[in-house]
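Peer 1: Let the sequences and hints guide you as you build the complete structure.
Protein sequence lines correspond, in order, to chains A and B.
Note that the working numbering gives residue 120 to position 105 of the first sequence, counting from 1, and the numbers run on in steps of one.
Note that the working numbering gives residue 269 to position 145 of the second sequence, counting from 1, and the numbers run on in steps of one.
It should be emphasised that the hints constitute simulated quantities derived from the structure, not laboratory data.
Hints may be right or wrong, so weigh each one.
[Claimed, not checked] Cross-link-like lysine-lysine pairs, in silico, DSS-like; alpha carbons within 27 Å at most:
1. K255/A x K612/B
2. K266/A x K54/A
3. K489/B x K163/A
4. K708/B x K177/A
5. K199/A x K255/A
6. K440/B x K177/A
7. K163/A x K78/A
8. K639/B x K612/B
9. K193/B x K288/B
10. K639/B x K266/A
11. K266/A x K551/B
12. K677/B x K289/A
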Amino acid sequence: MKHVIVIGGGVAGMQCASELLRQNIAVTIVEKQQCIGGKIRNWHKLFPSFTPADEVLAAMQQKLTTHNNLTIRTGCEATCITPQKVTLSSGEELRCDATVIATGFTLFDATVKEEYGYGIYDNVITSAELEQMFNEKNVHLKQGGEPKRIAILHCVGSRDEKVCQRHCSKVCCVTGVKQAIELKKMFPTADVFNFYMDMRMFGPGYEEMYREAQTSHNIHFVRGRISEVSPTFNNRLQIKAEDTLTGRPLKMGVDMLVLLVGMKANAHNTTLAKDCNLTLQPSGFMQPKDSFLGNVASNVEGVFYAGAITAPKNIGESINEGTAAARGVVEWLEKR
Amino acid sequence: MTFFTKFCIPFIVGATVMFTVLAIKYIAWLRNLPKSDWRLIAKNFFSLRTVTALWEVVSESLLHRRIFKVNPALGYMHMSLAFGWFLLIAVGWAETVAYLGMRWVPLQGHVFFKYFAALNNISAHNPTFDFVMDLLLLFVLSGVGMAWLKRVRSRILGMRKTTKHVAFDRIALSALWFVFPMRFIAESVTAALYGGGGFLTSGMGAILNKIASNDVLHHIYEPAWWLYSLALGVFFVAMPFSRYMHIFTEIPLIFLRHYQLRPEAMEKSYDNFEVEACSRCGICIDPCQLQSQLGINDVQSVYFLRDRRYNMLQQKIANNCLMCGRCEQICPVGINLNTLRLNSRSSMRNIPHEGRYNYLRDIDKSSGEGKVGYFAGCMTLLTPNTMSSMHNIFQAAGEDVWWADRDGGVCCGRPLMLSGEMDSAQKMIDYNKALFTKHQIKSLVTSCPICLKVFREQYNINDIEVLHHSEYILRLIQQGRLKVGHTKDATFTYHDPCELGRGCGIYDEPRAVIKAVGELLEPAHTGKNAFCCGSSVANTAISDAQQLSIAVKVAAELEDTGAQTIVTACPLCKKAISRGAQRKVVDLSEIVAQSIK
Numbered sequence: 016m017k018h019v020i021v022i023g024g025g026v027a028g029m030q031c032a033s034e035l036l037r038q039n040i041a042v043t044i045v046e047k048q049q050c051i052g053g054k055i056r057n058w059h060k061l062f063p064s065f066t067p068a069d070e071v072l073a074a075m076q077q078k079l080t081t082h083n084n085l086t087i088r089t090g091c092e093a094t095c096i097t098p099q100k101v102t103l104s105s106g107e108e109l110r111c112d113a114t115v116i117a118t119g120f121t122l123f124d125a126t127v128k129e130e131y132g133y134g135i136y137d138n139v140i141t142s143a144e145l146e147q148m149f150n151e152k153n154v155h156l157k158q159g160g161e162p163k164r165i166a167i168l169h170c171v172g173s174r175d176e177k178v179c180q181r182h183c184s185k186v187c188c189v190t191g192v193k194q195a196i197e198l199k200k201m202f203p204t205a206d207v208f209n210f211y212m213d214m215r216m217f218g219p220g221y222e223e224m225y226r227e228a229q230t231s232h233n234i235h236f237v238r239g240r241i242s243e244v245s246p247t248f249n250n251r252l253q254i255k256a257e258d259t260l261t262g263r264p265l266k267m268g269v270d271m272l273v274l275l276v277g278m279k280a281n282a283h284n285t286t287l288a289k290d291c292n293l294t295l296q297p298s299g300f301m302q303p304k305d306s307f308l309g310n311v312a313s314n315v316e317g318v319f320y321a322g323a324i325t326a327p328k329n330i331g332e333s334i335n336e337g338t339a340a341a342r343g344v345v346e347w348l349e350k351r
Numbered sequence: 125m126t127f128f129t130k131f132c133i134p135f136i137v138g139a140t141v142m143f144t145v146l147a148i149k150y151i152a153w154l155r156n157l158p159k160s161d162w163r164l165i166a167k168n169f170f171s172l173r174t175v176t177a178l179w180e181v182v183s184e185s186l187l188h189r190r191i192f193k194v195n196p197a198l199g200y201m202h203m204s205l206a207f208g209w210f211l212l213i214a215v216g217w218a219e220t221v222a223y224l225g226m227r228w229v230p231l232q233g234h235v236f237f238k239y240f241a242a243l244n245n246i247s248a249h250n251p252t253f254d255f256v257m258d259l260l261l262l263f264v265l266s267g268v269g270m271a272w273l274k275r276v277r278s279r280i281l282g283m284r285k286t287t288k289h290v291a292f293d294r295i296a297l298s299a300l301w302f303v304f305p306m307r308f309i310a311e312s313v314t315a316a317l318y319g320g321g322g323f324l325t326s327g328m329g330a331i332l333n334k335i336a337s338n339d340v341l342h343h344i345y346e347p348a349w350w351l352y353s354l355a356l357g358v359f360f361v362a363m364p365f366s367r368y369m370h371i372f373t374e375i376p377l378i379f380l381r382h383y384q385l386r387p388e389a390m391e392k393s394y395d396n397f398e399v400e401a402c403s404r405c406g407i408c409i410d411p412c413q414l415q416s417q418l419g420i421n422d423v424q425s426v427y428f429l430r431d432r433r434y435n436m437l438q439q440k441i442a443n444n445c446l447m448c449g450r451c452e453q454i455c456p457v458g459i460n461l462n463t464l465r466l467n468s469r470s471s472m473r474n475i476p477h478e479g480r481y482n483y484l485r486d487i488d489k490s491s492g493e494g495k496v497g498y499f500a501g502c503m504t505l506l507t508p509n510t511m512s513s514m515h516n517i518f519q520a521a522g523e524d525v526w527w528a529d530r531d532g533g534v535c536c537g538r539p540l541m542l543s544g545e546m547d548s549a550q551k552m553i554d555y556n557k558a559l560f561t562k563h564q565i566k567s568l569v570t571s572c573p574i575c576l577k578v579f580r581e582q583y584n585i586n587d588i589e590v591l592h593h594s595e596y597i598l599r600l601i602q603q604g605r606l607k608v609g610h611t612k613d614a615t616f617t618y619h620d621p622c623e624l625g626r627g628c629g630i631y632d633e634p635r636a637v638i639k640a641v642g643e644l645l646e647p648a649h650t651g652k653n654a655f656c657c658g659s660s661v662a663n664t665a666i667s668d669a670q671q672l673s674i675a676v677k678v679a680a681e682l683e684d685t686g687a688q689t690i691v692t693a694c695p696l697c698k699k700a701i702s703r704g705a706q707r708k709v710v711d712l713s714e715i716v717a718q719s720i721k
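Peer 2: Here it is in C-alpha cells:
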C-alpha cells in the first residue's frame, strides 16, 4: 500500500487526506498543533453564507475518523521534506511515496504596526480575536460595556510596503464586511465604520453582501487607511485618517478598533525552501510549478502543495486544492 | 635681456584665458550676492575674521590639513601638489630676484627661468636655489606619482571608489600629470647642456649626457620646453571649466565663510563658490551608504555638485540622498552639501499648492495650559509607546504639559522642506508658530529629531527654548525631578539618529540618560560616524526593500555589541531599525519610563 504524508492538518490538509484515503492510500498527517483542524477552529461564521465554522470542521473531521489507514501525528513539525522521506523536528524520519505540503499561512503580527496601538491601548483587537469573542458570545469593551462606535481597519499587514507585505491577503475585505454585519446585528444602535483602500469582492455572493451591508445594515465605508490611533481622556480611541474620496483629513473617536490582520507567509517557508530545494515567491509564499497547469505541484517531483501555502486563499479554494493535490498525487504514483 | 620665445605662447595664452575666465566668474558671482551677504562682508572685513581666514587658506588650500586627518596618504598627495607647486612659484620668484635683482620680469620669465638663464648667458649658479628648487620639484613629482597610483589602484591610498570624471576633468587631469614630469625633463636637458641644476636635474642631466650625444640633446632641448609650456597652457585653459577650479575658488570661499556667509533654503550666488570649490576628490563616495550598501554610484555629493555646476542636474539625482550628513562630515572643503542639495530640490520642486492647505484654517481645537509644550511629531504619533512613555515621565516629574500636536499642531514642515517644497513647508511653520505663541509656552520638547532641527533652524522662536526629549529627560534627572533606577545587568546600545547627531550636534545627552538606567555598549560606527538607519524622509527615490537592506546592515552592527536592547532617540530610526533587527528596538523614553522609581 502506498503511503503519503500530508504536512498540515488544516482544511486543505484534511481534504487532501480524506481524498487519498478514498483511493486506498495510507496517509499520515503531521500537525504542529495538539489537534488537527487548523485556523478554522478559531473562526465563528464563514462568509458569505454565515455558515458556522464548526459545522464545516465537523463534516471534514467526520470523513477522517472512519479510516484505519490514517495516522495523525500532532505536536510535531516537519523540518525536511522530500518525496520519499519527511524528517520531524524530533529527528524522527518517516518514509513515504509522496508528500503534500499544506501548512497554510501565519496571521500578521499587529504589534509591528505600532501606530495602530495594538498591545498598547485597550480595545484595539485583531479580526481573529473578534472571531474568538463571537465564539464566546462575549463581545465587550475591556472596561466592560458595549461599544457605541466601532472602526474596522482593512489591510493591516497587507498591501503595505512599509512592513514588506506587498501582497493582498484576499479575504480580509469580505471578512470586514461579514464582521461588520455581525457586530451591527449584535449592537444595532452602534455605528460601524470600515476603513478600506479598495473593496475586493471577488467571490460569489460577496458583492451582494457588501451591498447589503450598506443598504440593510447602514454600515459606513470610508476609503482611506487609518494613519494613527491615540487614546482620549475618557478611555476611547481617537483615530486619524484621510477620507480620500473627499480629500480631507478626518479624526474620529471610537470605542473599539478591529484590525483585519492579513496573511503572512510562514517564516518556516524560507528554511523549507532552502533545505528541500523548493522555490519561494518574493512574497515568501511557495511557488507552484505552474500557475495554470500545475498549481498544486511544486518544482520537486512528488512534492505537492495545497491551500494557502502558495498564496492567500479562502476556505473553499483551500478545500478544492486539497482535492486537486490528492488527484495530482494519485496520478504521480500511478506514473511511477 | 629677453624673456620671450615662441614656446612661451601656449603658456601665455593659457594663463590669459584662465585669469580672464576666473575674473569674469568671480566678479559675476560677487555682483550677484544678495545685499544681506554684502552687509555681512562689510561688517566682518575689518576684523579678526580676515586673519583667521588667511590662516585657514594656508592650512587648507595649501597644507590640506583636513584631508590629512581623514586619510594621511591622500593628504600628502594633495599637499605635495598644492603646497609644493605654491613653493615652486614662490621660491622660483625669489630665485629670479636673487639672480637679477629686484626688477620686473614677465610671468613666463619666472616660469621658464632655467631656459632664460641659459639664453641670457647667466652662468653663475646659485647652488642653494638649485638644491631647494629640485627638492620642491621632487616633492611635487612624488604627489604626481601618487595621483597616477590612485588612478590605477585606489585602494592603496585607502579609497574603495574614486570619482568618475567628465571630459574637461580628464583633459585638465592629463595635462596636470605631464606638467611636472615635462618640467623635470626640460630642466634636466638644460642642465645637461648648460650646467647648473640641483641634485635632481643635474643628476638627470649627467645621465642624459652619458646616454645621448650633445647633438641629440640640442635637438630635444626646445621640444622639451615646448611640451612643458603646452602642458601648462592646456591645463590653464581647461582649469576654470574643470574640477581644478577649486584651486582658486576655495580661497574666496574661505574668506566669505569666515564673514559668515552660508548657503540657504533658496539658491543664491554664494552657492557658486561652494559648488565650484569642490575638487571632486571623491572622499564623499565611500561613506555613502547608498554606495556601500545599495551599489548606487551616481548620486553622491561629488556627482550632485558636478551636475549642478554644469546645469545638468536631474531630479532623480538630487532626490536620491538620505541627507544623513556622513559626506558633509568628512568633506575636506567643508561644503554645506545638505543645504545645497536642499536648495537644488527647492529650485526644481517648489510649486506651492494654494488650495491644499486651506484645511489649516479650522483645524485648531487645542486646549491646555502647560508652559512646557510637548510636540510628539508625526513619526512619534506612529510609535505610541514613545508617547505613553513621555506621558509617564511628565507625570513622574510633575510637569504641567500642553500636548502641542494632539489637538492643534500640524506637521513641523521639515519633510516638505526636505522634498524641496519650501513654500508649503512655510505654511506649516507659520501655523505652528502661531499656535505656540497662542499658548505662551516657555519651552518646547519634541521626541523627533526631524522636528527638532526645523524648530531650531527655521522657526525663529527665540523666546521658546527648544529641547529634544533626551536633553529634557537628562535635565529632569540632573535636577532631581525624575528618579530613575540603574540596572547593572541591563545592556543597551545606542543608534545616533542623523538629524539629532550630525544634524543638531546632540551626542552626549542620550548617552548620559542611557548610562543612568543601565550599561551602554557602543557599536563600531558611532557618534559623528554613525550610520543612517536608511529610512530617511529625505530620500524619496529608493524603495522599501532598499531601505530595509540598509536597516539590516545597521541593525546587525548594533546587535554585534551584544547589547540586549537597541536604543535610539528618533521614532523614524526606531521603525526603520526594528524592521531589520532581531533584538528589541526601543526609544530612549521607553527605557526611562520603565526605570522610574
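Peer 1: Against each hint, give a clear statement of whether it holds in the structure.
Peer 2: We went through each hint and held it up to the structure:
With a C-alpha separation of about 41 Å, the suggested pairing of K255/A with K612/B is violated against the 27 Å cut-off. Of the supplied pair hints, the one linking K266/A and K54/A is violated, its CA atoms being roughly 35 Å apart against a limit of 27 Å. Note on K489/B and K163/A: the hinted pairing holds, with a Cα-Cα distance of about 24 Å set against a maximum of 27 Å. Restraint check: the Cα-Cα separation between K708/B and K177/A comes to about 18 Å, which is no more than 27 Å; the hinted pair holds.
For the given pair, K199/A sits about 23 Å from K255/A by alpha-carbon distance, which is consistent with the 27 Å threshold. Distance check on the hinted pair: K440/B and K177/A sit about 22 Å apart at the alpha-carbon level, within 27 Å; holds. Of the pairs offered as hints, the one joining K163/A and K78/A is violated, with about 43 Å between alpha carbons and a cut-off of 27 Å exceeded. A distance of roughly 10 Å separates the Cα atoms of K639/B and K612/B; the hinted pair therefore holds under the 27 Å criterion.
For the proposed pair K193/B and K288/B, the alpha carbon gap of about 24 Å is at most 27 Å, so the pair holds. Between K639/B and K266/A the alpha-carbon distance is near 40 Å, which puts this suggested pair outside the 27 Å criterion. A threshold of 27 Å between alpha carbons decides the hint, and for K266/A with K551/B the separation of about 21 Å falls inside it, so the pair holds. Note on K677/B and K289/A: the hinted pairing holds, with a Cα-Cα distance of about 22 Å set against a maximum of 27 Å.
Hint compliance for this structure: hints 1, 2, 7 and 10 are broken, all remaining hints hold.
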